[in-house]
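Residue numbers (our numbering), protein chains in the order written: chain G, 1 to 129; chain C, 1 to 398.
It is worth saying that the hints were derived from the structure and are not from the lab.
Quick caveat, the model's predicted, so the values are computed rather than measured.
Among the clues, some could well be false.
Quick partial rundown of chain G residues pointing at chain C, CB under 10 Å, derived from the structure [unchecked claim]: (1) Leu4; (2) Gly23; (3) Gln70.
Note that beta-carbon positions come from the ideal geometry of N, C-alpha and C, so glycine has one too.
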Amino acid sequence: MKLLAFVCERSALRAIEEAEAGGFWPPGWELSPVPCSGRVDVLHVTGALTRGYAGVMVVGCFEEACEFLQGNLVAGRRIEYLRGLLKEAGVDPARVRLEFASPAGAARLARAAREMRRQVDAIGKGEGS
Amino acid sequence: MKADIFVAGAGASGLACAGALARLGHRVALAEARPALGGTLRSLPGYLGSPACDRRLLAELERGLGPIEVLLDTRLRAIRGGPGRFQLDLDGAGGEARTVVLATGLERTSVPEAHGLKAGPRVLGLSALAELLGRPETAIARLRGRRLALFLDGSAADSRRQHAAALNLAIAARRDFAAEVTWFGRDLRVAGEGLDARYRVARDLGVTFFKQGERPLKLQDEGDSFFVEAWLDGLPVGVNLDLAAIDERETPRGEAHLPAGGQVDPGPARPNMRLGNRSPRPGIFLAGSLRADLDLEGCLGDGHAAAAAVAAFLRQPAEEARARVDGQRCARCLTCVRLCPHRAIAIQPDPAGIRLVAVPDPAACRGCGACAAACPALAITIPSSTDEAIYGRLGVTA
């Protein structure tokens with residue numbers, strides 16, 4: 001099972017690098033760094049889902065910490081919109097998740113990644129049976 | 001006037017901020033509404049009781065200014081435009097700046113009604129009392145041997161800075177003018193740097209402290225004096241007074257002072273107001289007691305914090321990290337204009353002047369890519385983060 005994370009280069013990428021160096025970043029994740037989570041389009045996420053990724057996580061900065069002021073909020077609105085569309089299309093919206101992270105939040109982000117992996121696993125088993 | 005950064009207000013935080021930014025190599029302009037630099041630093045009754053200390057600090061800050069364009073007797077009346085290209089109205093004269101720092105400080109208004117008193121010559125605000133103590137001839141006539149009370153149950157009761165200033169005033173009135181000083185407070189704050197020492201000095205000099213507790217004070221105006229009924233250990237105590245000094249409500253300088261276009265919403269009331277260094281409007285920053293309840297050290301530090309925020313904001317992204325628009329594809333739908341967090345895109349004639357297209361301002365674009373992600377005509381690209389590159393990393397093609 002492949003999972004993808006679009007990560008903000010300024011916050012989340014640093015947190016994940018720290019988690020990888022500490023050895024507690026869960027396996028199975030591929031990373032796609034973007035200058036800001038606001039750069040991630042709905043099409044990028046759906047493109048990844050239709051091409052074999054079981055789940056996509058978009059990680060931006062916390063509110064008010066965004067280098068670009070509101071990129072994280074723009075991403076938040078987009079992902080919420082996309083989750084609504086997925087639900088209507090009969091795809092479990094838990095396959096797409098938005099997380100906020102700070103460069104110091106490695107442990108928290110790793111926990112979120114593990115949790116999402118478990119959720120997507122459960123969805124896959126449910127759909128498979 | 002043309003600068004990278006325009007700092008309005010040359011108090012402690014404005015001076016610290018302007019100095020720090022100039023040392024980083026930015027072109028800075030500093031405006032002060034009064035005829036001299038210093039703001040509140042000029043009128044402080046002395047930090048920890050030493051009048052010389054602030055003068056030295058002010059001289060130090062002025063020396064640190066370096067090559068800054070200083071505009072005295074100048075008020076910032078209005079701010080127009082967006083980050084990277086603010087247009088300023090400086091008392092009729094024009095100015096241009098890429099970012100603006102507002103460090104215009106506080107406005108104090110005394111509210112005697114909050115204490116059941118009427119404004120008058122025998123009811124002073126704390127800042128009026130500080131002024132009175134600074135003029136010994138008048139102060140001797142009005143204070144020597146008189147009964148003075150300080151009422152702190154409004155906003156000052158929660159503010160360490162105002163509390164320290166009020167204790168300084170009580171000490172000065174008692175020690176220098178032999179006034180009988182009584183202190184009525186909702187709470188007595190002694191936990192904090194310098195507060196404990198001030199409280200002990202005041203107590204040893206004979207200042208009487210009443211903690212107000214649950215029951216409200218009863219004040220009666222008796223013509224030439226007041227009568228206060230307070231509670232001590234559950235028993236009523238009557239105190240006669242000649243002069244009342246009350247704490248003041250502090251608000252960011254009002255619309256008359258804060259320039260049009262730069263207004264900030266301070267929330268319901270001080271002193272718990274806390275705004276960030278970045279104002280809700282991109283490119284306009286706030287520093288000093290304008291945005292939070294800060295004492296002198298706080299203001300100096302906050303000037304530097306605002307300088308760091310401005311410097312980060314002004315860091316230009318590389319050429320290939322900024323948005324580019326394909327004029328042929330642009331549908332002028334305004335999606336990018338609406339979405340850009342930096343207000344960096346406007347609909348303008350294309351270079352040939354034939355049709356209107358979205359044009360990003362290179363000075364304001366930070367390269368976040370929010371516009372590129374949303375453009376329905378796929379007309380906007382960020383060369384360093386194209387869709388192809390994002391899909392390419394996934395091992396799929398767009």
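Can the hint on G/Gln70 be confirmed by a CB-to-CB distance to chain C that is less than 10 Å? holds, 4 Å
- prompt: Should the interface hint for G/Gly23 be scored as holding, given a Cβ-Cβ cut-off of 10 Å against chain C?
  reply: violated, 24 Å
- Given G/Leu4 as an interface hint, is the shortest Cβ-Cβ distance to chain C below 10 Å? Nearest chain C Cβ about 7 Å off; hint holds.
Going down the numbered hints, you'll see the structure goes against just number 2.
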